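Engineer: The chain contents come next:
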Amino acid sequence: MPKLTVNGKEIEVPAGTNLIEAARRAGVEVPHYCYHPGLSIAGQCRLCMVDLEKAPRPTIACNTVAADGMVVLTESDRVRETRKSIMEFHLINHPLDCPVCDQAGECWLQIYYMQHGLYDPRMTDEKVHKPKAVPLGPHVILDAERCILCSRCVRFCDEITGTGELGIFERGDHSEIGLFPGRELDNKYSGNVVDICPVGALTDRDFRFQVRVWYLETAKSVCPGCARGCNIEVHVNRRRPHHADGRRVARLKPRFNADVNSWWLCDAGRYGFGFVDDTDRLLVPGHREGETVSDATWDEAIAAVTATLRRVPPEAIGVIASPKMANEDLFALSRLLDVCAIRRVAGQVPPRVPGDQDNLLIRADKNPNALGAELLGLGDDARAVLDAARGRQIRCLWIFGHDLLDSAWPEAEVLEALRAVETVIFTGTNVNRTSVRAHWVLPAAAWVERDGTYTNFQGRVQRFRQAVEPLGQALAEWEIVGRMLAPLGEPSSATRAEHWFRQLAATVPAFAGLSYQSLGDAGRLFAVTPTSPAVGAAGRRGAGAPPSEANR
Amino acid sequence: MAEIVLMRNFSRPDSHTLSAYRAAGGYAAWDKAREMEPTAITEEVKKANLRGLGGAGFPTGTKWSFIPKTHTGPVYLVVNADEGEPGTFKDRYLLERDPHALIEGMLIAARAIRCTLGFVYVRGEYVQPWRRFGTAVKEAYDAGLLGQGFDVVIHRGAGAYICGEETGLLSSLEGKKGWPKIKPPFPAIKGAFGQPTIVNNVETLCCVPPIITRGAEWFAGLGTKTQGGTRMYSVSGRVKQPAVYEAPVSITLRQLIEAAGGVSGTGRLKAVVPGGGSAAILTADEIDVAMDVDGLKTAGSMIGSAGVVVMDESVSIPEALMVLARFYAHESCGQCTPCRESTGWIYKMVHRIVEGRGRKEDLDTILDVAKRGAGTTICAFYDGAVGPYISYIEKFRGEFEALVPK
Numbered sequence: 004m005p006k007l008t009v010n011g012k013e014i015e016v017p018a019g020t021n022l023i024e025a026a027r028r029a030g031v032e033v034p035h036y037c038y039h040p041g042l043s044i045a046g047q048c049r050l051c052m053v054d055l056e057k058a059p060r061p062t063i064a065c066n067t068v069a070a071d072g073m074v075v076l077t078e079s080d081r082v083r084e085t086r087k088s089i090m091e092f093h094l095i096n097h098p099l100d101c102p103v104c105d106q107a108g109e110c111w112l113q114i115y116y117m118q119h120g121l122y123d124p125r126m127t128d129e130k131v132h133k134p135k136a137v138p139l140g141p142h143v144i145l146d147a148e149r150c151i152l153c154s155r156c157v158r159f160c161d162e163i164t165g166t167g168e169l170g171i172f173e174r175g176d177h178s179e180i181g182l183f184p185g186r187e188l189d190n191k192y193s194g195n196v197v198d199i200c201p202v203g204a205l206t207d208r209d210f211r212f213q214v215r216v217w218y219l220e221t222a223k224s225v226c227p228g229c230a231r232g233c234n235i236e237v238h239v240n241r242r243r244p245h246h247a248d249g250r251r252v253a254r255l256k257p258r259f260n261a262d263v264n265s266w267w268l269c270d271a272g273r274y275g276f277g278f279v280d281d282t283d284r285l286l287v288p289g290h291r292e293g294e295t296v297s298d299a300t301w302d303e304a305i306a307a308v309t310a311t312l313r314r315v316p317p318e319a320i321g322v323i324a325s326p327k328m329a330n331e332d333l334f335a336l337s338r339l340l341d342v343c344a345i346r347r348v349a350g351q352v353p354p355r356v357p358g359d360q361d362n363l364l365i366r367a368d369k370n371p372n373a374l375g376a377e378l379l380g381l382g383d384d385a386r387a388v389l390d391a392a393r394g395r396q397i398r399c400l401w402i403f404g405h406d407l408l409d410s411a412w413p414e415a416e417v418l419e420a421l422r423a424v425e426t427v428i429f430t431g432t433n434v435n436r437t438s439v440r441a442h443w444v445l446p447a448a449a450w451v452e453r454d455g456t457y458t459n460f461q462g463r464v465q466r467f468r469q470a471v472e473p474l475g476q477a478l479a480e481w482e483i484v485g486r487m488l489a490p491l492g493e494p495s496s497a498t499r500a501e502h503w504f505r506q507l508a509a510t511v512p513a514f515a516g517l518s519y520q521s522l523g524d525a526g527r528l529f530a531v532t533p534t535s536p537a538v539g540a541a542g543r544r545g546a547g548a549p550p551s552e553a554n555r
Numbered sequence: 008m009a010e011i012v013l014m015r016n017f018s019r020p021d022s023h024t025l026s027a028y029r030a031a032g033g034y035a036a037w038d039k040a041r042e043m044e045p046t047a048i049t050e051e052v053k054k055a056n057l058r059g060l061g062g063a064g065f066p067t068g069t070k071w072s073f074i075p076k077t078h079t080g081p082v083y084l085v086v087n088a089d090e091g092e093p094g095t096f097k098d099r100y101l102l103e104r105d106p107h108a109l110i111e112g113m114l115i116a117a118r119a120i121r122c123t124l125g126f127v128y129v130r131g132e133y134v135q136p137w138r139r140f141g142t143a144v145k146e147a148y149d150a151g152l153l154g155q156g157f158d159v160v161i162h163r164g165a166g167a168y169i170c171g172e173e174t175g176l177l178s179s180l181e182g183k184k185g186w187p188k189i190k191p192p193f194p195a196i197k198g199a200f201g202q203p204t205i206v207n208n209v210e211t212l213c214c215v216p217p218i219i220t221r222g223a224e225w226f227a228g229l230g231t232k233t234q235g236g237t238r239m240y241s242v243s244g245r246v247k248q249p250a251v252y253e254a255p256v257s258i259t260l261r262q263l264i265e266a267a268g269g270v271s272g273t274g275r276l277k278a279v280v281p282g283g284g285s286a287a288i289l290t291a292d293e294i295d296v297a298m299d300v301d302g303l304k305t306a307g308s309m310i311g312s313a314g315v316v317v318m319d320e321s322v323s324i325p326e327a328l329m330v331l332a333r334f335y336a337h338e339s340c341g342q343c344t345p346c347r348e349s350t351g352w353i354y355k356m357v358h359r360i361v362e363g364r365g366r367k368e369d370l371d372t373i374l375d376v377a378k379r380g381a382g383t384t385i386c387a388f389y390d391g392a393v394g395p396y397i398s399y400i401e402k403f404r405g406e407f408e409a410l411v412p413k
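Chain order of the listed sequences is S and D.
Using my numbering, the letters of the first sequence correspond one by one to residues 4 to 555.
Using my numbering, the letters of the second sequence correspond one by one to residues 8 to 413.
Possibly wrong hints are sitting among the right ones.
[Said to hold, decoys possible] So the derived list for chain D, only partly shown, Cβ under 10 Å to chain S, looks like this:
(1) R121
(2) K188
(3) Y335
[Stated by the list, open to error] Derived lysine-lysine pairs resembling DSSO-like cross-links, with alpha carbons at most 30 Å apart:
(4) K190(D) with K39(D)
(5) K197(D) with K6(S)
(6) K378(D) with K57(S)
(7) K184(D) with K135(S)
(8) K87(S) with K190(D)
(9) K39(D) with K87(S)
(10) K184(D) with K57(S)
(11) K135(S) with K54(D)
(12) K190(D) with K12(S)
(13) K130(S) with K367(D)
(14) K232(D) with K87(S)
[Said to hold, decoys possible] Derived Cβ-Cβ restraints for the label pairs, each shown as a range:
(15) T305(D) with R81(S): 25 to 31 Å
(16) D100(S) with A291(D): 46 to 52 Å
(17) P75(D) with C101(S): 49 to 55 Å
(18) R81(S) with T77(D): 35 to 41 Å
(19) R29(D) with T166(S): 51 to 57 Å
(20) P75(D) with A411(S): 54 to 60 Å
(21) V160(D) with T166(S): 29 to 35 Å
(22) G80(D) with P17(S): 23 to 29 Å
Calculated directly from the structure, the hints in this document are not laboratory data.
Keep in mind the model is a prediction, meaning the values are calculated, not measured.
The beta carbon of each residue, even a glycine, is placed where N, CA and C say it ideally should be.
Build the full structure now, drawing on both the sequences and the hints.
Structural biologist: What follows is the structure, encoded as structure tokens:
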């Protein structure tokens, strides 16, 4: 472990640490563009210059490995002057079109100019012109004039996805980022190049011109797109709703978690939030009698559903929960199932198309909480419930989120089942072909509209936090279920997701010792490896089979 | 002039053939070297004070000794025949007229660094040198000189100046864009295809056979205390007999110009570029300087590739700088920000001055920009550009100012 001093502060860092990371540990930010901890060292922006004692001239910090006894100065006069010069070089051919640039407000040219530049511009000649507004693929658009040629995007496609779509073409100040002939930037992680682009050269086609970034608010969250549970930030626009036609969720950005997703996020997850602000959101409880559909109040809906649950014998009630529900929802639901002694429960509905998987992030299981559902006894395949419904053994069927008509099950069988059931209850966020066949529709809040936790395929429990208010009268599933407990004779004092989580941690051994505080921002692995489905409501599980690796 | 070493065979019309080379005693050095210990070869080259003749002037034997002793994988020898420094045309003569000298030098160097595969990176525009050298390599294979533990691959460049920079050359050789690599690691540790690699200039390697046959002391004695041997000076511009001249490295610039027949044109010397386009310019008063690595360093310039460009009084220094500035703007690889951005910017300013649209502050801006960028980049390209930017303006400022409208 080499010991060195950075600006007079002594620190010890692991062998092999470069000076940017070493300085970071000493609380010192060395400005840089091309360096990215997830990519190889390029050393070409030349901004990260620092002074080493006895060295004849400043050297780049990114390609200098910390050594014992090194004396590093990041704020010497010489370094400051060099930095200022490098900033000038970066900006002489930059179009300075900040007023129309989406990056404005989070642009490292702006930030570093204010911190380290502040020179009077001397460049009065014609700037070099390059292609603008060039779509590189479905998600990313290029403005080559804004590009500072840091090559992060090129290295990302070479080193992380291995797809190699991008290159730097031409020479000198005519150099520009571009696609190799016949290629398109359409790999499954293309959106990441926008994140790592330090300037406005690569912007998101989806986010472009929607809202200025300084109007955005941020919540730490977890991507619900698959069993990986990539850590994300949800960026919402609450202050200028008219800027994006009322679209509140502006974008999702990956949030670093070394154990889950590093710096990255796949495109399916990144752009998968459209349902949140879609026009087909379920906004109020609804009731259907024959062809007549009417809105209801929550009180009416809760009263009607609980009456049904009380009236129908437990063995004639089927529940298809969802591995898309949070641990809190599933635990609250398991409480209700216990209270009503409902046994016909399941969670998995096979997808119409099997999910894709790769070696980077993407998991075949497109559910964020399959392991959580399994541990709470709500992870079984729902085929048995479907068959029971078709066989008229079920009079009340409660479906959470799934569109049974968009699954691997034959449509005729699903229709047969839905027709056979007296009362179909649907709880979910958006209209689907199943919800329109339900007798009671209970609108659920989307994941960005509430707090909760998911358990990823590794057994890591991770928090997601509310970013916006629920749309319409939608409620989190734990709250919908919680409101039913009192009429069912078993009132709950839980008024927040965290309350449910506390009870969950106290009840289910796998979650023992976990709390919202201890989960923090990065989540926590189960303290004990969940080998058996240690479920509060034991015995609800049919075969009691251990969680299978295949569908995670 | 004194002893001719490198150009000894040039006078024979068939000097490029194996038979002619053999007739002149060729491959005797290789016969001797193959009986020597590799380290003994390196020691001999060190003692000969041979310094790289491609531009940087690094001691050749020392460079060879940087190959890690513990390395067990392949080691490569790469010959830099991408002669592109403005005003330099010596390596093409060696490739065309004495290609076997290079092959013999490669064989000896390869033995010294325990290398079994050599690459020769030939400048794309050098068609005849490439043909001649290719024929010689075939002859050497047929004669069993190559292919017996050492092979040679010839690779043609595609016309980029930066591919003459040793790590840019390696990138290009690897099939990538010819971008110089960040150092460390240096090529001797991690070079071509990630393996230890020695990159030597054509002329440098051609010095090796005579060192082996005639001894390090003889070679060292030809030059100065810090640099042995003779070298080939490409003399062009306003001289009566522009050509390649071989001379001991202790020759002065004045003697060299005289050897080339003296100044032509007006006959009155204005300035000389002593070591290729990237060397700082010298005025007519500064030509009593020894043309070795250290002599020119002391004079504030550099010997570089020994491309001597002579300018008489009729030459416009601002125009000369504009031509060079355009060259650097065009040839900057674009990798490092200071070089990429400022070579273009400086060209625009110099161009404007030459066109009569200059501003008073332009000259100081150019000097300031050049000084600020110097020493901040991955390779020496930009420092090479800074040499002329600063020296042309500082030494001939009046000429530039005269072009700026009052």
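Engineer: Of the hints given before, which are not true for this structure?
Structural biologist: 1, 4, 9, 10, 11, 14
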